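A.B. asks: Whenever a hint applies, use it, and build me the whole structure from the sequences.
Going letter by letter, the sequence shown gives residues 1 to 598 in my numbering.
Where hints are given, some of them may not hold.
[To be verified] Simulated pairs of lysine-lysine, DSBU-like, Cα-Cα distance not exceeding 35 angstroms: (1) Lys438 / Lys448; (2) Lys574 / Lys596; (3) Lys403 / Lys438; (4) Lys403 / Lys221; (5) Lys432 / Lys549; (6) Lys528 / Lys549; (7) Lys448 / Lys528; (8) Lys221 / Lys294; (9) Lys41 / Lys97; (10) Lys403 / Lys97.
Source of the hints: derived by calculation from the structure; they are not laboratory data. The model shown is predicted, which means the values in this text are computed figures rather than measured ones.
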Amino acid sequence: MKHLEKLTSTLQGFTGTIKRFPLTIVFFFSSAILTSYYITKEADDNYFELLFSFIIGAALFMVLQLCYERFIRSEKIRLIFATIAVIGAIIYYLILKFAVEEISTEIAVRTIVLLFILLILFIWIPSMKSRIGFSDSFMAVFKSFFTVAFYSAVMFLGIALILMAIDMLIADINSKAYRHVLNAIAFLYAPLHFLSLIPLYPAYNKDANDSVLNLEDNNEKQLIKAIEPSKFLEGLISYIIIPITVVFTFILLLYIILNITGDFWKDNLMEPLLVSYSITVITVYLLACVIKSKIAIYFRMIFPKVLIPVVLFQTVSSVLKIGELGITAGRYYVIMFGIFSTVTAFIFSLRPNSKTNIVAPILIVLSLISVFPVTDAFTVSRNNQISRLTEVLQKNNMLKDGKIVPNANISQEDKQVIISSVQYLSRMNYTKDIDWLKAYSQSYDFEKTFGFSQYETDYRDPVVYRLYLPSGVFINVSGYDYIMEAEFYGKDNQVSYELADGENKEYILIHENDNDSLGNLLLTDSQKNELISFSLNEIFDRFTDRDEKVGEMSLDEARFIVESASVSLCIVAKSVNYEVWDGGSYQNIEALIMIKIK
1 MKHLEKLTST
11 LQGFTGTIKR
21 FPLTIVFFFS
31 SAILTSYYIT
41 KEADDNYFEL
51 LFSFIIGAAL
61 FMVLQLCYER
71 FIRSEKIRLI
81 FATIAVIGAI
91 IYYLILKFAV
101 EEISTEIAVR
111 TIVLLFILLI
121 LFIWIPSMKS
131 RIGFSDSFMA
141 VFKSFFTVAF
151 YSAVMFLGIA
161 LILMAIDMLI
171 ADINSKAYRH
181 VLNAIAFLYA
191 PLHFLSLIPL
201 YPAYNKDAND
211 SVLNLEDNNE
221 KQLIKAIEPS
231 KFLEGLISYI
241 IIPITVVFTF
251 ILLLYIILNI
261 TGDFWKDNLM
271 EPLLVSYSIT
281 VITVYLLACV
291 IKSKIAIYFR
301 MIFPKVLIPV
311 VLFQTVSSVL
321 KIGELGITAG
331 RYYVIMFGIF
341 STVTAFIFSL
351 RPNSKTNIVA
361 PILIVLSLIS
371 VFPVTDAFTV
381 SRNNQISRLT
391 EVLQKNNMLK
401 DGKIVPNANI
411 SQEDKQVIIS
421 SVQYLSRMNY
431 TKDIDWLKAY
441 SQSYDFEKTF
451 GFSQYETDYR
461 DPVVYRLYLP
471 SGVFINVSGY
481 DYIMEAEFYG
491 KDNQVSYELA
501 DGENKEYILI
511 HENDNDSLGN
521 LLLTDSQKNE
531 LISFSLNEIF
541 DRFTDRDEKV
551 GEMSLDEARF
561 IVESASVSLC
571 IVAKSVNYEV
581 WDGGSYQNIE
591 ALIMIKIK
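C.D. replies: The structure is reproduced here in structure tokens:
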């Protein structure tokens with residue numbers, strides 16, 4: 001009987017959540033249908049444009065619903081808020097559809113930053129003009145998120161095991177079923193469960209002495225339960241996470257003190273390490289503000305002061321990196337986070353017992369600056385990289401009459417500036433918009449354009465790229481006449497493949513190597529007429545633009561398609577290995593090759 005009552009209560013909670021956030025649920029339901037169609041048909045036309053718009057609309061209504069509950073209890077206003085969310089989603093879709101050429105890294109990052117701003121507003125609104133602090137609201141969201149993440153992981157694992165058992169013992173299960181299950185959990189179950197755990201916060205009443213008490217009894221109990229940490233979480237933070245953070249802080253500070261000279265400030269490992277440390281400390285600080293244990297109190301008093309020199313060090317390290325590699329979008333956000341961490345650390349040091357609400361507006365302002373035109377991360381980084389590249393080219397007489405003049409006789413330092421800037425501009429897909437780089441954006445022949453290879457280095461340590469396509473990735477081969485696996489490696493290694501059986505060998509695929517690179521892939525007919533060619537160096541050019549040198553690559557990254565009047569050639573790189581050291585190099589590509597004769 002108790003289990004039945006608990007189930008009924010849970011279902012009522014989900015029903016109440018749908019009534020509370022109806023438009024958000026509709027947007028997520030639409031996302032689930034869209035993703036299901038995408039999984040089934042594997043057609044990505046407008047997929048990301050629609051998905052990003054649905055998620056923006058869902059998040060926007062979540063924020064507006066809390067504004068309605070907190071400040072304006074009027075159904076007319078709620079209807080206006082719903083209309084704003086719908087219009088916002090439509091406008092975002094129209095921008096993605098007609099104002100941008102493609103869904104690039106820049107668009108994805110801008111969308112993530114907008115969602116981050118909405119998340120901070122979602123946490124901040126309940127604490128505005130309330131005894132509830134930002135840290136209390138943060139605790140409620142933190143608990144809800146990890147509760148739902150745990151339940152979702154267990155649910156997916158359980159269903160996946162059931163499908164696996166059916167597939168092995170009873171009947172074949174389409175592999176897409178696993179993705180459909182993940183889609184349903186991610187867009188249907190998880191948002192519904194998460195929102196059901198968000199308490200109903202008190203409505204603002206300027207005449208009330210205590211707005212926290214401006215609730216019905218049941219809602220007040222739910223609120224207190226949501227913002228108070230469980231015994232398990234309190235013990236975990238107080239006796240495990242905080243002590244580990246303290247020990248790691250001592251190690252980090254000792255390392256800084258012992259090595260605060262020379263190139264240490266430009267150590268590639270320090271920047272991500274210090275950013276991760278700062279994020280961890282601020283997160284633990286916000287959680288500790290809700291905990292009443294002595295160790296949490298001491299942590300709140302001491303650690304903001306410890307954080308100040310660390311974040312200052314991180315910010316200085318990032319600024320020094322600008323002189324070496326210029327401003328990139330990633331480094332822009334690292335510096336922005338350093339500014340945020342420094343300001344909040346000073347505030348927490350001066351007012352350790354005050355509410356943490358100041359965190360939200362600082363984060364929102366800095367985030368808006370990072371996406372607002374002119375000051376945004378991508379405009380600033382693009383202009384900086386173009387400026388430093390132009391300066392070096394003009395310095396070496398390599399830019400004349402709007403065209404690049406190849407020149408190999410320049411300093412190694414200038415070569416590295418050209419290489420790093422061109423790689424960044426290529427990775428962000430900016431080269432096609434720069435008049436004197438348009439030719440390079442079409443050929444990606446770095447050596448022909450600038451006069452030297454971008455793989456020339458004078459590093460003492462070898463540069464290693466090891467990238468692979470993860471197992472289990474489905475590749476659409478429909479429409480192709482031939483498909484084969486091939487491996488290309490080394491120099492002076494020329495191989496040919498006959499692609500038709502029978503008496504007449506209609507087509508021959510030739511790997512034509514040369515002395516300086518992996519060479520070209522040629523397809524000829526029986527008369528040895530060249531039908532199409534592809535430079536294997538394009539594969540290395542794409543992947544050497546990546547920040548991550550070792551790890552997985554996506555199918556979109558791994559796929560290369562070239563076409564001629566008579567042939568369509570598709571190469572899917574399964575693994576890419578490239579090493580450069582003083583006096584030598586090693587290149588290897590394992591690939592799937594598909595050919596369509598038109």
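A.B. asks: For each hint, tell me whether it holds in the structure or not.
C.D. replies: A quick look at each hint next to the structure:
1. Annotation: proposed proximity of Lys438 to Lys448 holds, straight-line Cα distance about 14 angstroms (limit 35 angstroms).
2. A threshold of 35 angstroms between alpha carbons decides the hint, and for Lys574 with Lys596 the separation of about 20 angstroms falls inside it, so the pair holds.
3. Using a Cα cut-off of 35 angstroms, the hinted pair Lys403 and Lys438 holds, with the two alpha carbons roughly 10 angstroms apart.
4. Restraint check for Lys403 and Lys221: not satisfied, since their Cα atoms lie roughly 70 angstroms apart, outside the 35 angstroms limit.
5. The straight-line distance between the Cα atoms of Lys432 and Lys549 is roughly 25 angstroms, inside the 35 angstroms bound, and the hint therefore holds.
6. At most 35 angstroms may separate the alpha-carbon atoms for a hinted pair to count; Lys528 and Lys549 exceed this at roughly 38 angstroms.
7. Only pairs whose Cα atoms come within 35 angstroms are accepted, and Lys448 paired with Lys528 is accepted, the gap being roughly 27 angstroms.
8. A C-alpha spacing of about 26 angstroms is found between Lys221 and Lys294, which places the hinted pair at or below 35 angstroms, so the restraint holds.
9. Proposed proximity of Lys41 and Lys97 is supported: the alpha carbons are some 21 angstroms apart, at most 35 angstroms.
10. Pair hint Lys403 plus Lys97 holds up; C-alpha atoms about 33 angstroms apart against a cutoff of 35 angstroms.
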